[in-house]
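Protein chains in written order, with my numbering: chain P, 303 to 651; chain L, 303 to 651.
Keep in mind the hints are simulated off the structure, nothing from the lab.
Honestly, I wouldn't trust all of these hints.
Pairs involving identical chains hold if they fit within one copy or between any two copies, as the list cannot separate such chains.
[As the list claims (entries may be wrong)] Keeping only pairs whose Cα atoms sit at most 25 Å apart, straight-line, the calculated DSS-like set for lysine-lysine is:
hint : residue 1 : residue 2
1    : K523      : K476
2    : K332      : K453
3    : K340      : K432
4    : K476      : K622
5    : K523      : K340
6    : K431      : K340
Keep in mind the model is a prediction, meaning the values are calculated, not measured.
There are 2 protein chains.
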Amino acid sequence: MESNDNIGLSCPMPLSDYPNVLLAHGGGGKLMHQLIEKIFAPAFASPELEVDHDGATLPFAGRRLVFTTDSYVVHPLFFPGGNIGTLAVNGTVNDLAMCGAEPLYLSAGFIVEEGFATESLWQIAQSMKKTADEAGVRIVTGDTKVVDRGKGHGLFINTAGVGAINHNLLINPKQICREDVIILNGDVGRHGIAIMAVREGLEFETTIESDCAPLAKTVMKLIGAGMEIHCMRDLTRGGLATSLVEIAETSGLHIGIEERSIPVRDQVRGACEILGFDPIYVANEGRFVAIVPEKDAARSLDIMRSDWPDACIIGKVTDKHRRLVTMKSIIGAERIVDMLSGEQLPRIC
Amino acid sequence: MESNDNIGLSCPMPLSDYPNVLLAHGGGGKLMHQLIEKIFAPAFASPELEVDHDGATLPFAGRRLVFTTDSYVVHPLFFPGGNIGTLAVNGTVNDLAMCGAEPLYLSAGFIVEEGFATESLWQIAQSMKKTADEAGVRIVTGDTKVVDRGKGHGLFINTAGVGAINHNLLINPKQICREDVIILNGDVGRHGIAIMAVREGLEFETTIESDCAPLAKTVMKLIGAGMEIHCMRDLTRGGLATSLVEIAETSGLHIGIEERSIPVRDQVRGACEILGFDPIYVANEGRFVAIVPEKDAARSLDIMRSDWPDACIIGKVTDKHRRLVTMKSIIGAERIVDMLSGEQLPRIC
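Turn these sequences into a full structure, and let the hints guide you.
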């Protein structure tokens with residue numbers, strides 16, 4: 303269909319299993335990692351391309367700048383607890399925060415399908431402004447494209463973010479050490495289940511709301527208090543499980559977590575049972591883990607609880623295994639936690 | 303269809319003429335300006351949101367940083383002279399350059415339709431790398447989302463860019479003065495016509511190739527030589543005409559151009575006549591105007607010609623009228639040049 307003859311090369315990598323992109327290639331799990339490893343990493347390889355982190359840390363004017371981007375294709379566009387605009391702001395702000403950066407500036411690129419309601423566009427722009435104000439970041443540049451009817455899905459938004467690192471910590475998966483403690487800021491699985499409930503018309507006694515929220519202020523408090531954070535990660539596509547597996551694989555260490563310590567709301571647990579999902583694989587938009595040395599664990603937990611009352615310690619780093627996450631179940635059995643395989647919930651962010 | 307009740311507001315602006323977004327709202331012309339003015343500018347208003355410029359100039363670590371973004375939805379994805387990937391790199395590099403910034407870092411966000419050929423994705427990633435290398439910029443962070451079949455159009459790409467200003471010039475429409483000279487770097491209309499020819503199956507004796515090219519090196523040469531550039535603008539959506547109208551409106555001054563001095567290749571002129579287009583409204587991807595004081599005009603032209611042999615002076619700034627562009631036609635008549643109204647060529651960038 304497309305003429306590729308403007309590049310005199312053919313694709314050398316063993317993607318013969320997947321001549322076409324599947325929905326699962328965007329799901330945050332194994333196939334997405336393959337796509338990145340086989341297509342994007344070889345093309346864009348550079349010391350700064352941190353495929354295993356939420357953003358790139360770069361020199362600018364003698365200081366450290368963090369740069370990150372995400373596109374948002376969630377459907378439906380409006381859901382309990384937010385909309386595509388709140389997601390697009392919080393998601394990118396949170397990626398900056400996870401790198402230890404103070405979020406400063408956002409860009410916003412809108413891809414609108416012909417026929418989309420201008421009033422909805424206005425509503426979404428208004429909530430982006432409100433969310434940006436809350437997160438202390440400014441939307442400073444933008445772009446709008448309109449695609450033919452039937453060639454989009456209402457609205458897609460891309461945000462990119464620029465932040466500044468104002469401390470001397472190195473925060474990335476390679477910094478974690480044996481005995482480090484893993485702190486989670488609240489219950490998991492709500493964002494994915496909120497989207498799924500709307501999409502599938504599931505009804506619960508009370509509406510399940512997305513946990514979509516900015517995380518930067520909590521992170522700045524932790525850093526400001528001198529907590530020696532080794533790594534942070536927000537638990538979006540692929541959920542808590544996939545994030546921890548990525549960190550374990552990059553660090554070469556073992557992460558052991560306890561199922562009983564991971565908060566999951568009853569309604570979310572119930573919905574997961576009905577739908578056949580495991581809450582630790584369901585996407586969140588306001589949840590993160592901070593991995594800190596044992597000496598800073600109690601204080602870090604206190605600081606996190608001042609913003610997130612349900613924050614808790616869910617496990618620790620060991621060298622018992624290499625590049626592995628294990629979870630002790632409620633009945634005491636230990637099992638290996640794998641990365642999300644295939645696509646659990648498409649287009650939730 | 304969508305529930306808007308998570309924001310307790312309704313759209314106050316007079317968009318009653320357009321309850322739904324039209325293709326023309328993305329065309330770079332009057333309707334797009336209305337959309338920006340009524341929806342995005344009020345929501346995101348900040349001193350840095352330069353709706354009348356190609357990027358935002360911002361403080362970072364005591365220096366000036368430029369931040370810009372664009373989404374690319376061109377169709378077909380591969381065309382003579384480039385593909386969506388070369389466009390996505392050059393377009394954002396050029397926006398940085400137009401603000402006088404040295405391009406440093408790019409982000410790349412891919413929105414892939416389920417079923418898209420992985421080989422095409424690989425080809426596009428490879429040409430992005432090649433184009434970035436040529437432009438002296440690095441792709442440092444990225445994101446991939448996959449949307450359901452029928453909810454996208456093969457591939458959309460967003461790039462955002464970060465650049466550094468390493469001089470003391472202020473380069474924006476408000477800096478232009480009476481007697482300033484307008485220099486154009488080459489023939490206009492090729493990108494839009496190249497896309498249109500593929501799309502409509504038009505055949506010419508020789509293939510019309512897009513002019514897609516990076517402009518930053520030329521800009522850095524001009525600045526390095528001490529040229530006092532007042533304003534630059536790359537001539538993308540809406541073409542030469544719309545760019546000059548935007549500059550005239552923001553500056554409050556008059557721009558007078560001469561039709562005979564604007565290079566248009568014969569094939570492009572012929573195609574425009576057949577299709578009913580005016581070449582000065584057709585999009586380019588490697589063309590820009592530099593507006594410089596008369597004292598620097600000859601030297602600037604020489605420098606531009608070292609990279610672009612067809613560069614030429616096409617007009618000048620006066621105060622004869624306010625906020626207006628006029629063009630003296632080949633037969634000597636003077637007419638007002640308006641902004642593109644409606645949509646001439648959809649989805650060419």
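Results for each hint:
no. : hint         : result
1   : K523 to K476 : within (23 Å within a copy, 41 Å between copies)
2   : K332 to K453 : between (28 Å within a copy, 23 Å between copies)
3   : K340 to K432 : between (39 Å within a copy, 17 Å between copies)
4   : K476 to K622 : within (17 Å within a copy, 64 Å between copies)
5   : K523 to K340 : neither (38 Å within a copy, 37 Å between copies)
6   : K431 to K340 : between (37 Å within a copy, 14 Å between copies)
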